[in-house]
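Q: Here are the chains, one letter per residue:
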Amino acid sequence: MKIIVSVKRVIDYNVKVRVKSDNSDVDLSNVKMALNPFCEIAVEEAIRLKEAGIASEIVVVSIGPNAVQEQLRTAMALGADRAIHIETDSQPEPLNVAKLLAKVMEVEAPELVILGKQSIDSDNNQVGQMLAALTRRPQGTFASKVTVEGGDVLVTREVDGGLRTLSLTLPAIVTTDLRLNEPRYAKLPDIMKAKRKPLEVKTPADFGVEFKQHISQLKVETPAQRQAGIKLDSVDALIDKLKNEAKVI
Amino acid sequence: MDTLLDFIEKVVGAKNILRGEDVRARPADWITKEPCLALALVRPANAEQLSQVMALCYEADQPVVTHGGLTGLVRGAVAASNELVISLERMTEIESVDPVGGTLTVQAGVPLQIVQEAAEQIGMQFALDLGARGSCTIGGNIATNAGGIRVIRYGMMRDQVLGLEVVLADGSVVSSMNNMLKNNAGYDLKHMFIGSEGTLGIVTRAVLKLQPQQSASQTALVACDSFESLVGLLQHMRQTLGGELGAFEVMWRSYYALLTKESGRHNAPLDTDAPFYVLIEGLGNDQAETAQRFEQAITLAFEKELLSDAVVANSDTQSDRLWAIREDIEGLSELIAPRFVFDISLPIISMDTYVNELEASVREIWPDAKVVVFGHLGDGNLHVSISTGDSNEETRIKIESLVYKPLKEIGGSISAEHGIGLKKKDHLSISRNPGEIALMMRLKEAMDPKGLLNRGKVLPNKN
Amino acid sequence: MSILLIAEHDNSTLNPATLSAVTAASQLGGDISILVAGSGCQSVADEAAQVMGISKVLLADNACYEKGLAENLSVLIVELAADYNHIIAAASSTIKDTMPRVAALLDVGQLSEIVAVESADTFKRPIYAGNAIATVQSLDTVKVITVRASAFEKAKAEGGNANTEVVDVVFDIGGSRFVSEELVKSGRPELTAASTVISGGRGLGSAENFSLLEKVADKLGAAVGASRAAVDAGFVSNDLQVGQTGKIVAPELYIAVGISGAIQHLAGMKESKVIVAINKDGEAPIFQVADYGLVGDLFEVLPELETKL
Ligand SMILES: Cc1cc2nc3c(=O)[nH]c(=O)nc-3n(C[C@H](O)[C@H](O)[C@H](O)COP(=O)(O)OP(=O)(O)OC[C@H]3O[C@@H](n4cnc5c(N)ncnc54)[C@H](O)[C@@H]3O)c2cc1C
Ligand SMILES: Cc1cc2nc3c(=O)[nH]c(=O)nc-3n(C[C@H](O)[C@H](O)[C@H](O)COP(=O)(O)OP(=O)(O)OC[C@H]3O[C@@H](n4cnc5c(N)ncnc54)[C@H](O)[C@@H]3O)c2cc1C
Numbered sequence: 002m003k004i005i006v007s008v009k010r011v012i013d014y015n016v017k018v019r020v021k022s023d024n025s026d027v028d029l030s031n032v033k034m035a036l037n038p039f040c041e042i043a044v045e046e047a048i049r050l051k052e053a054g055i056a057s058e059i060v061v062v063s064i065g066p067n068a069v070q071e072q073l074r075t076a077m078a079l080g081a082d083r084a085i086h087i088e089t090d091s092q093p094e095p096l097n098v099a100k101l102l103a104k105v106m107e108v109e110a111p112e113l114v115i116l117g118k119q120s121i122d123s124d125n126n127q128v129g130q131m132l133a134a135l136t137r138r139p140q141g142t143f144a145s146k147v148t149v150e151g152g153d154v155l156v157t158r159e160v161d162g163g164l165r166t167l168s169l170t171l172p173a174i175v176t177t178d179l180r181l182n183e184p185r186y187a188k189l190p191d192i193m194k195a196k197r198k199p200l201e202v203k204t205p206a207d208f209g210v211e212f213k214q215h216i217s218q219l220k221v222e223t224p225a226q227r228q229a230g231i232k233l234d235s236v237d238a239l240i241d242k243l244k245n246e247a248k249v250i
Numbered sequence: 065m066d067t068l069l070d071f072i073e074k075v076v077g078a079k080n081i082l083r084g085e086d087v088r089a090r091p092a093d094w095i096t097k098e099p100c101l102a103l104a105l106v107r108p109a110n111a112e113q114l115s116q117v118m119a120l121c122y123e124a125d126q127p128v129v130t131h132g133g134l135t136g137l138v139r140g141a142v143a144a145s146n147e148l149v150i151s152l153e154r155m156t157e158i159e160s161v162d163p164v165g166g167t168l169t170v171q172a173g174v175p176l177q178i179v180q181e182a183a184e185q186i187g188m189q190f191a192l193d194l195g196a197r198g199s200c201t202i203g204g205n206i207a208t209n210a211g212g213i214r215v216i217r218y219g220m221m222r223d224q225v226l227g228l229e230v231v232l233a234d235g236s237v238v239s240s241m242n243n244m245l246k247n248n249a250g251y252d253l254k255h256m257f258i259g260s261e262g263t264l265g266i267v268t269r270a271v272l273k274l275q276p277q278q279s280a281s282q283t284a285l286v287a288c289d290s291f292e293s294l295v296g297l298l299q300h301m302r303q304t305l306g307g308e309l310g311a312f313e314v315m316w317r318s319y320y321a322l323l324t325k326e327s328g329r330h331n332a333p334l335d336t337d338a339p340f341y342v343l344i345e346g347l348g349n350d351q352a353e354t355a356q357r358f359e360q361a362i363t364l365a366f367e368k369e370l371l372s373d374a375v376v377a378n379s380d381t382q383s384d385r386l387w388a389i390r391e392d393i394e395g396l397s398e399l400i401a402p403r404f405v406f407d408i409s410l411p412i413i414s415m416d417t418y419v420n421e422l423e424a425s426v427r428e429i430w431p432d433a434k435v436v437v438f439g440h441l442g443d444g445n446l447h448v449s450i451s452t453g454d455s456n457e458e459t460r461i462k463i464e465s466l467v468y469k470p471l472k473e474i475g476g477s478i479s480a481e482h483g484i485g486l487k488k489k490d491h492l493s494i495s496r497n498p499g500e501i502a503l504m505m506r507l508k509e510a511m512d513p514k515g516l517l518n519r520g521k522v523l524p525n526k527n
Numbered sequence: 002m003s004i005l006l007i008a009e010h011d012n013s014t015l016n017p018a019t020l021s022a023v024t025a026a027s028q029l030g031g032d033i034s035i036l037v038a039g040s041g042c043q044s045v046a047d048e049a050a051q052v053m054g055i056s057k058v059l060l061a062d063n064a065c066y067e068k069g070l071a072e073n074l075s076v077l078i079v080e081l082a083a084d085y086n087h088i089i090a091a092a093s094s095t096i097k098d099t100m101p102r103v104a105a106l107l108d109v110g111q112l113s114e115i116v117a118v119e120s121a122d123t124f125k126r127p128i129y130a131g132n133a134i135a136t137v138q139s140l141d142t143v144k145v146i147t148v149r150a151s152a153f154e155k156a157k158a159e160g161g162n163a164n165t166e167v168v169d170v171v172f173d174i175g176g177s178r179f180v181s182e183e184l185v186k187s188g189r190p191e192l193t194a195a196s197t198v199i200s201g202g203r204g205l206g207s208a209e210n211f212s213l214l215e216k217v218a219d220k221l222g223a224a225v226g227a228s229r230a231a232v233d234a235g236f237v238s239n240d241l242q243v244g245q246t247g248k249i250v251a252p253e254l255y256i257a258v259g260i261s262g263a264i265q266h267l268a269g270m271k272e273s274k275v276i277v278a279i280n281k282d283g284e285a286p287i288f289q290v291a292d293y294g295l296v297g298d299l300f301e302v303l304p305e306l307e308t309k310l
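Residue numbers (the numbering used here), protein chains in the order written: chain G, 2 to 250; chain D, 65 to 527; chain V, 2 to 310.
Hints in this document: simulated from the structure, not taken from any laboratory. Keep in mind the model is a prediction, meaning the values are calculated, not measured. Yeah, the Cβ is synthetic: ideal placement off N, Cα and C, and Gly gets one too. Take these hints with a grain of salt, some might be off.
[What the hints assert, rightly or not] Distance windows between CB atoms, simulated:
id : chain 1 : residue 1 : chain 2 : residue 2 : range
1  : D       : 381       : G       : 26        : 19 to 25 Å
2  : D       : 328       : V       : 300       : 36 to 42 Å
3  : V       : 17        : G       : 180       : 46 to 52 Å
[As the list claims (entries may be wrong)] Calculated Cβ distances over 12 Å to all of chain G for the following chain V residues:
id : residue
4  : 2
5  : 9
6  : 30
7  : 31
8  : 51
9  : 76
10 : 81
11 : 139
12 : 167
13 : 170
14 : 208
15 : 240
16 : 296
Sequences are here, hints too, so could you generate the full structure?
A: This is the structure in structure tokens:
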């Protein structure tokens, strides 16, 4: 079975973002970048399926500027077999990403596509679902457990209030949630080997996809700061504030 | 007695002098969590109040014990029932920030982590760092001349302090708030207080030196097959990374395996069969360059067979997880309680033999004993924990002698960075000669003739 | 202008998050139709008809919609979409699963988890885990929107009187099959998932005294947490520890009782939306991060809270 994993290069989870002074966007100059944590989990899950003898090949795909090759190499150091870099300097919207991935699916014909449920920069939570819709394939989003059984994949999903398990006919699209697994570390010998694994560079045009703008970002601001707290003199005053001012009870 | 406390109350206000249950409800020691027995706990707002409090104590011959964050590991903050605790918990202000000169002026009760964050705010860094960062205070760091995980790059607390303000035993305030990098006008008094563990004066303010921020960091955990390759690796990393080598923290197998596979507290990023593991950190400014240089240095070490396996963190989250193994002192204390803890210095080349012989000699008496070792290798500093299953006095004395005796022969120290406190005072003579100890006692006599400050700690009792 | 709002429900009652979405929808301007898709969900439709601001209820009652499978639900919504300018719903897990499919099938972008409506095509939404707020404008003719429910007041659940129209198109797409479900039992919620957390510290004094806290927790439907000192002292088990070396929580409401507010504790709860501190020491550092502080003896405050809540 062939698995495609799409990965995104994003600001490191631990870095506190700063908004640019002209409010055009957040400032990403010289900040640490990493694999999107959910994508890292997706890569890990694919590798586990390969180690279990279920998957035979893992192809990682990333869309973005040249620098995303760093994350593709990381994914290959972790265990992916080869990589496809679709080069673009723009930051494509989820629908455009999904359209490109749909084309990659046409070419590669994978049985399973695993993606992170959302990227921690734009927090959209859309690409996997859009890809499934465009390719008319079933989807298992927010997965906390993935089991392949014959021609089906069983996906346990994290839903409001609990867990729900679906059975999907392959090929299918799965998006990962945090509890699915704990990603491994890249071992030095594998980092060295990953440098020699195949990495193909393509452009959106190679796939016949033209980006279309659906949403325009007008402004980015720092969220409102926490107001200085107040001291109250009675339980009644506290309950009143919680009910009527903070509206949390 | 009550009259003294009443006078003190007038100085600090009723809610800032705690007595009875409120004192007992506080712990006196990070490890034992025993209750604080002091007759009262006073929390002054500033040096002026503390000065008045100390003047009153001086008159009444009232001994005091200073409390910072209570993370000290040598029982230095333990107070007897006739002692008064001075807690700096209200003195937490960051008074001024000088981004140009690269200094911070703070009150001594401010937690280390707050200072680190304040430095980051202006694009700089405060270079002292240790696992207790969220609790320990600048005053406590100064009093113990704390070391930590960045000594290899930036030195100890002593190297981060430019100036001090101290309240002496009689209540006089000595301000030595120098903020110049260079100042050779007479004795540099601050050094007398740094590392004196609260026996010469109570530190109330400090001018701290900041370092340029190194915003890019890379972390790897590596395994070494032998002590020779471990030492070779240290030299190699120093040579290839130079000033970019930010940490070189070694875990003996005994530590690494215990905290990972054996206890399940952490996932094991590398198999647990190598004798040594090292957490290496590379620091720099440019993300891409730092990553590349670091990876190259590690790769080269691998090719030279200085390390047998390695993982490189590919995000700060992974890096934090690697550090969590090394910093899980909580886990260590839970897993091998009760334990005896040692913080020793010795020449790097003697370490392997020392640890092996220590293990052998301990096992000779207690065949099932656990000897767990980790430390700041680059600084020649090891932390050794020994657990025999009991914690009685007799065992303690035997173990201490097994640990300390060989140190004297190889010229090591019984305290690398934690200090002497109450815990190690009987062994001071192993690491300091009679001339040194005599001078220390003369200094104490001159500064605190009534012996009010941290009485009975660090130095031998006057006879 | 007309708006299609998708109801969130469990086939028997309307989920209150839907009411927040109604408020967001009413700020867009236009008639709001609400789609109740499910199985045996007439009662939900009845409830929806009562909601203030709804002009029409669309009821699609069929076994294929019972479990809210995104494949089926998205095609149903797309089928209805032609009549509307906006398709909107609260960002529940079902909606997060479904809406992007709707957007893709309509070849439009989606605006995820908006927290404010600026105009009919411009919205605010958090990015970078809420560390920045983006103002975004939709350039599509149909706008597909999910709403962060906590950011909008709930519309009145009663007072409306909408007609119900039955939608009897059935889309059973296949490919995806419901297998099983494991819902968290009611009772005290899990610490990291709870919307209210009440934590006790060393000030509680004993394991028995924690029951004072638990009683308040039950009144609030809150999870119980603890400081490390309380764990170390053996008052509660260590899986309740909040902080740097314990659980990280970020509930809507965090109540710290008898906790001094050490940095390591704050590391585990300072992202909470509203923080309340109850401590007898007015100087305790916890008051520096608290939105509401109550200086007092917890042994008096907790029982009083329990009776008055
Ligand atoms: C998890 C953990 C990790 C640690 N890691 C390291 C490490 O890597 N390196 C290292 O060097 N140490 C380490 N330590 C111990 C270290 O000594 C302390 O963390 C710290 O330096 C003490 O600061 P404190 O404010 O907690 O002091 P306290 O424990 O409150 O006091 C320590 C001593 O200093 C005195 N004192 C405190 N404040 C003042 C003051 N203002 N003026 C005069 N005297 C004062 C006290 O009376 C006492 O004798 C660690 C401790 C823990 C718990
Ligand atoms: C490496 C390291 C990691 C740590 N990790 C964590 C962690 O993950 N989580 C954590 O919580 N801590 C952690 N700590 C410990 C932390 O530093 C504090 O010691 C701990 O949080 C204190 O817990 P507390 O506030 O309950 O106790 P205390 O600090 O003793 O505070 C008790 C409070 O209760 C109040 N009080 C007492 N009686 C009453 C009453 N009757 N009515 C009202 N108020 C009363 C007191 O005024 C006081 O403020 C860590 C420490 C270290 C060194």
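Q: Now, for every hint given, state plainly whether the structure supports it.
A: We went through each hint and held it up to the structure:
{"no.": "1", "hint": "381/D to 26/G: 19 to 25 Å", "verdict": "holds, 24 Å"}
{"no.": "2", "hint": "328/D to 300/V: 36 to 42 Å", "verdict": "holds, 39 Å"}
{"no.": "3", "hint": "17/V to 180/G: 46 to 52 Å", "verdict": "violated, 26 Å"}
{"no.": "4", "hint": "2", "verdict": "holds, 19 Å"}
{"no.": "5", "hint": "9", "verdict": "violated, 8 Å"}
{"no.": "6", "hint": "30", "verdict": "holds, 20 Å"}
{"no.": "7", "hint": "31", "verdict": "holds, 20 Å"}
{"no.": "8", "hint": "51", "verdict": "holds, 22 Å"}
{"no.": "9", "hint": "76", "verdict": "violated, 9 Å"}
{"no.": "10", "hint": "81", "verdict": "holds, 16 Å"}
{"no.": "11", "hint": "139", "verdict": "violated, 6 Å"}
{"no.": "12", "hint": "167", "verdict": "holds, 26 Å"}
{"no.": "13", "hint": "170", "verdict": "holds, 18 Å"}
{"no.": "14", "hint": "208", "verdict": "holds, 24 Å"}
{"no.": "15", "hint": "240", "verdict": "holds, 16 Å"}
{"no.": "16", "hint": "296", "verdict": "violated, 6 Å"}
Hints 3, 5, 9, 11 and 16 from the earlier list are contradicted by this structure; the remaining hints agree with it.
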